[in-house]
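Model the full assembly from the supplied sequences, consistent with the hints where possible.
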Amino acid sequence: MIAIDYVKEQGWSKVWIECDSLLTLLAFPQEVIVPRKLRSQWCVCTKFCCNIQITLSHIYLERNVCADKLVKHTLFKIDLYI
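The sequence shown begins at 1 in my numbering and counts up by one.
In case anyone wonders, no lab produced these hints; they're calculated from the structure. Backbone N, C-alpha and C fix where the C-beta goes; we use that ideal spot for every residue, glycine too. Watch out, some of these pointers could steer you wrong.
To be verified - Capping the alpha-carbon separation at 27 Å, the derived lysine-lysine pairs in DSS-like fashion look like this:
hint, residue 1, residue 2
1, 37, 47
2, 47, 69
3, 47, 8
4, 14, 47
Said to hold, decoys possible - What follows is a list of derived Cβ distance ranges for each label pair:
hint, residue 1, residue 2, range
5, 47, 19, 15 to 21 Å
6, 13, 36, 28 to 34 Å
7, 69, 47, 30 to 36 Å
8, 70, 22, 16 to 22 Å
9, 66, 40, 14 to 20 Å
10, 14, 59, 17 to 23 Å
Structure (structure tokens):
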């Protein structure tokens, strides 16, 4: 949702979103699976997405090297504080 807000601020009309969460991608056509606390903001984002050209694709975490390293780095930092 933060990325969609950024797209809106930049005024972009074409967006390609890659995500390693299949559930997130499935939530676009079925907002029922979005948690209630996020649903109103999610609806605003999906309505905006109807007005732009958007491509959604699923990538496996192992192939998303940058995200994989970021997650591992974050988990390592959390372990240090516990």
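Consistency of the hints with the structure:
1. 37 - 47: Status holds; Cα separation ~17 Å.
2. 47 - 69: violated (33 Å)
3. 47 - 8: holds (12 Å)
4. 14 - 47: holds (15 Å)
5. 47 - 19: 15 to 21 Å: Holds, since residue 47 and residue 19 (Cβ atoms, about 19 Å apart) stay within the stated range.
6. 13 - 36: 28 to 34 Å: holds (31 Å)
7. 69 - 47: 30 to 36 Å: Hint holds: Cβ distance 34 Å, inside 30 to 36 Å.
8. 70 - 22: 16 to 22 Å: Holds - the Cβ-Cβ distance for residue 70 and residue 22, about 19 Å, lies within 16 to 22 Å.
9. 66 - 40: 14 to 20 Å: violated (31 Å)
10. 14 - 59: 17 to 23 Å: For residue 14 and residue 59 the Cβ distance comes to about 19 Å; the hint holds.
Violated hints for the displayed structure, listed by number in ascending order: 2, 9.
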